[in-house]
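A.B. asks: Per my numbering, the very first residue in the sequence shown carries number 1; after that it's consecutive.
Nothing false has been slipped in among the hints.
Straight-line Cα separation of at most 30 Å, DSS-like style, residue types lysine-lysine; simulated pairs:
#1 LYS71 to LYS86
#2 LYS40 to LYS86
#3 LYS172 to LYS193
#4 LYS40 to LYS71
#5 LYS172 to LYS71
Hint data in this document are derived by calculation from the structure and do not stem from the laboratory.
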Amino acid sequence: DARTATSGPLLALVLMMAIRNTVGWKVNPSRAQLSAVLYKSVLANLPIPTCDVVLLNPARNRTLLFMRANKPVQGVWYTLGGRLLKNESLGACAARKLRSEFGLRRDPSELVPAGLMEEVFADSMFAGVNSHCINSVFAHILSRDEYTARVSEESRLDRQHSQSRWFAIGDKSLHPYVRRKLELVFATLRQRKQGIMSTGHVLQDCTRLL
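With the hints as extra help, turn the sequences into a complete structure.
C.D. replies: Pasting the structure below:
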């Protein structure tokens, strides 16, 4: 009934207010980080919005992955990325993670938004709490100079990762979520190419009419 339909959101609001009053809402203006106690409560009760960046070589036949040092997917070759911050745009989040985890500065407009997917992991940084993420996938195709400079570089890796390695796009050993991100990226790149070709045909037709 109506009471049941409204009780869920109301209960969630009351819970969040209680948590805030108990442990405090610790926000660093520059990073908007939550306290560990609060973040654990949020992670235990809500899905987390995240952004990941798929890195491709200039030929678009290899992807750069990173060995996860922490949970979830600890010890797994995975894409770089992380949590969306309060009042942060999706593109800004992707650019921030690309900079902080790989040392590459790019404007959000230079990244390719490739779609949305869901990630559910059995664990998280907190014992007994699983991870549920709503992930916005972005892509960046490295230029030849970027690729040459970083093809074997690991000095810029952050504490989330222990190694980096290039993998063939069709490598069947890739994590299923990584494969799904690649599918989204290449579907988007194909659509963009088709859109450019269609625009070219329209311009040619218009030229003929002039």
